[in-house]
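Number of protein chains: 4
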Amino acid sequence: MIAELSLPVRYAETDAMSVVHHSNYIIWFEAGRVEFMRRAGIPYDEVERSGIYLTVSEVHARYLASARFGDTVVVRTRLSELRSRGVRFDYEVIGNAGKLLVDGYTRHICIDHSGNVARIPEPLLAQLRAIDGAG
Amino acid sequence: MIAELSLPVRYAETDAMSVVHHSNYIIWFEAGRVEFMRRAGIPYDEVERSGIYLTVSEVHARYLASARFGDTVVVRTRLSELRSRGVRFDYEVIGNAGKLLVDGYTRHICIDHSGNVARIPEPLLAQLRAIDGAG
Amino acid sequence: MIAELSLPVRYAETDAMSVVHHSNYIIWFEAGRVEFMRRAGIPYDEVERSGIYLTVSEVHARYLASARFGDTVVVRTRLSELRSRGVRFDYEVIGNAGKLLVDGYTRHICIDHSGNVARIPEPLLAQLRAIDGAG
Amino acid sequence: MIAELSLPVRYAETDAMSVVHHSNYIIWFEAGRVEFMRRAGIPYDEVERSGIYLTVSEVHARYLASARFGDTVVVRTRLSELRSRGVRFDYEVIGNAGKLLVDGYTRHICIDHSGNVARIPEPLLAQLRAIDGAG
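Residue numbers (my numbering), protein chains in the order written: chain A, 1 to 135; chain B, 1 to 135; chain C, 1 to 135; chain D, 1 to 135.
Excised from the complex, chain A in its bound form (with noise of 0.2 Å):
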């Protein structure tokens, strides 16, 4: 599964190049996954409701083109790795006429609730699991 999620760039999320900046793909990244799990049917407000946290272990982008104000990119999200105790998401960003203008992954923990690593609980991880395409 591959989860898409349309964002109008916000005049906020410019700067001075005139350009959305690079610190707002890695939000746009984690709305992304947002989506992904709420499309996968498990809301991630729902996980952590669950005393779960997927806690963000690591973050890759690369740029590749800019974004502008009165653009609207794709967010395209997947799942393309699931371990025990933490899962890895991919993404692109893609602009205007089907333009890349980012990619990148995200590397994630699962902790519980007081901050210790934990296996992801067997009713989660069979609901990871049973994605297509995942990991």
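These are calculated hints, taken from the structure and not from any lab test.
Don't take every hint at face value.
One-sided excerpt, in silico: chain A residues whose CB lies under 7 Å from chain C [stated by the list, open to error]: (1) Arg-10; (2) Ile-27; (3) Glu-30; (4) Ala-31; (5) Gly-41; (6) Asp-45; (7) Phe-69; (8) Gly-70; (9) Tyr-105.
Quick reminder that beta carbons are idealized off the backbone N, C-alpha and C, glycines included.
Assemble the complex: chain A is given as a structure, and chains B, C and D must be docked to it using the hints.
Chains B, C and D alone, transformed into the frame defined by chain A:
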């Protein structure tokens, strides 16, 4: 007491007009009042750890001139009102050559850990009252 | 005309009180008025490309209740004042179950490319005047 | 040369996990390299005014531990690679008691005012080469 806080403009804070985006002054107001509380000997993180929150109930800002990347601004903060259940802070953001860029205020309501409006606890109220020039 | 814009709360928009940080409503106001202009047939990126900016001169917000991650808010925007050199927009941010979370307004001054205050050009003024319920 | 920059955590930088949201470290990296350039005698705003941009082409960060509101972090920045058309900076973000919170790097490509990849102009290249420990 007026607390002054120097902040170099971050590139991420600029927008496509090549000036600081207006939303960042609201964040600078917050940095200003955190500095105010620190100088008053009442660090806000300690206030929160005591179970009390001074949550924002109102924000007002007037934008008179712009800051740019490369500038360092000064946020001048004072406690302008003190009531049993809330406070008001006033702000001035000063740019290069002492120019007033933005002024404004925020109002805050005291709430307890369960989110209910509460009286400001007497020790904290006394500390706030003792600040020179308070409300 | 009242323009409604739906925004799922981003995790990045929350703060340590587990609610949306107050500065983000100012950014949502902006997203709301961009949506308003788009629906009015006057996309703001086109306004800027014509050499005119509606720069923010004043922001006001009252915070009545909180949004959280997992919520989707609706920003309701209307043009509440129209003058030869400026406009005012009013906003309501509505949360779950139709609850009013935040209301506020922004004032804007028309400036030209060199940063001088200017009259809103007649074609744009006419378009704004034609909006149902304008000022 | 390693440039150190002290940053008190802003409340707006925290998220609902009560720690600094991971996207802010990317903004802190930027503040770190701006400080690096300033100490190297090449303020980045002057570089831009000369018509040259060191645009971000890649970002990488590993998250090892968390910062919280009330903490002051130190960003340690060094120039780790210097090429005719680009540079790389490495970062460490240090928290309380000297704990390494996050490390990472950014790559930058030199572009001119029209957005084309360009050689770093010889005077700037010489200044960068002269930095102790550069690439």
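Going down the list of hints, with the structure as the test:
{"no.": "1", "hint": "Arg-10", "verdict": "6 Å, holds"}
{"no.": "2", "hint": "Ile-27", "verdict": "5 Å, holds"}
{"no.": "3", "hint": "Glu-30", "verdict": "6 Å, holds"}
{"no.": "4", "hint": "Ala-31", "verdict": "6 Å, holds"}
{"no.": "5", "hint": "Gly-41", "verdict": "15 Å, violated"}
{"no.": "6", "hint": "Asp-45", "verdict": "3 Å, holds"}
{"no.": "7", "hint": "Phe-69", "verdict": "5 Å, holds"}
{"no.": "8", "hint": "Gly-70", "verdict": "3 Å, holds"}
{"no.": "9", "hint": "Tyr-105", "verdict": "17 Å, violated"}
Checked against the numbered hints given earlier, the structure breaks hints 5 and 9 and satisfies all the rest.
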